[in-house]
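Novice: Chains as they are written, first to last, in this note's numbering: chain R, 7 to 117; chain Z, 520 to 629.
If you are wondering where the hints come from, they were derived from the structure by calculation, not from laboratory data. Accuracy of the hints is not assured; some may be wrong.
[Claimed, not checked] Below, a list of computed lysine-lysine pairs in the DSS-like style, where the Cα atoms sit at most 30 Å apart:
| id | chain 1 | residue 1 | chain 2 | residue 2 |
| --- | --- | --- | --- | --- |
| 1 | R | Lys9 | R | Lys61 |
| 2 | Z | Lys573 | R | Lys24 |
| 3 | R | Lys59 | Z | Lys616 |
| 4 | R | Lys9 | R | Lys19 |
| 5 | Z | Lys573 | R | Lys76 |
[To be verified] Some chain Z residues close to chain R (C-beta under 8 Å, calculated; not the full set):
| id | residue |
| --- | --- |
| 6 | Gly560 |
| 7 | Gln561 |
| 8 | Leu565 |
This structure is a prediction, so every number in the text was calculated from the model and none was measured. Even glycine gets a Cβ: it sits at the ideal position worked out from N, Cα and C.
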Amino acid sequence: DVKVTQSSRYLVKRTGEKVFLECVQDMDHENMFWYRQDPGLGLRLIYFSYDVKMKEKGDIPEGYSVSREKKERFSLILESASTNQTSMYLCASRHRGNTIYFGEGSWLTVV
Amino acid sequence: GIQVEQSPPDLILQEGANSTLRCNFSDSVNNLQWFHQNPWGQLINLFYIPSGTKQNGRLSATTVATERYSLLYISSSQTTDSGVYFCAVERSANDYKLSFGAGTTVTVRA
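With the rest of the complex left out, here is chain R:
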């Protein structure tokens, strides 16, 4: 079975902190994604990476950056966390054009 693992399930951070959300997949997938999910707004794409060291902005990249130094790992970085970044963050991966698999999600609260 495909395994997409997100490093933290629940986090509480202070405004202005730098936050790292880590995601690891074990299926040698080329594509990796970060989404956020908010009530009433559904899933929105923050960034994606189509291969190692490659990254593309999604629909809502402001306030975020990403890093993909190794194929299996895709990190989401909040440079200076703000309260409007309180959300659930979902990492996903896939082979190009095929089924996408999601991690369990990371619930981030910024206070």
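Let chain R serve as the given structure and place chain Z on it in line with the hints.
Specialist: Positioned in the frame of chain R, the structure of chain Z alone reads:
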């Protein structure tokens, strides 16, 4: 971008009932998937179905790509079917991005 509309937004079922969820999309697609999000937030793949019909146990799905819609059927619903069902589409193989509908929240009562 491509628009994805799901209906109904909410559905309440008695255990054992059947139901149909619909996903309409605004452009031709290369990829369409259905997901179930459980109460703990985990998104589970149900179907990868850019066209045609597939079945998996009590669930089945049909996509009519030429008419830009997909249907998810739940038969003999159980309380474990509760959660949010999402449809997601990708315009082309070069698009990389999946666009999600807003979801249908299903509640199955015992």
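Novice: It remains to establish, for every hint, whether it holds in the given structure.
Specialist: Status of the hints after comparison with the structure:
1. R/Lys9 - R/Lys61: Distance ~21 Å between lysine 9 of chain R and lysine 61 of chain R Cα, so the pair holds.
2. Z/Lys573 - R/Lys24: Outside the cut-off at roughly 45 Å; violated.
3. R/Lys59 - Z/Lys616: Given that 30 Å is the threshold and the Cα spacing comes to 18 Å, the pair holds.
4. R/Lys9 - R/Lys19: Given pair lysine 9 of chain R, lysine 19 of chain R holds - Cα atoms ~27 Å apart, limit 30 Å.
5. Z/Lys573 - R/Lys76: 35 Å, violated
6. Gly560: 4 Å, holds
7. Gln561: 5 Å, holds
8. Leu565: Status violated, d = 10 Å.
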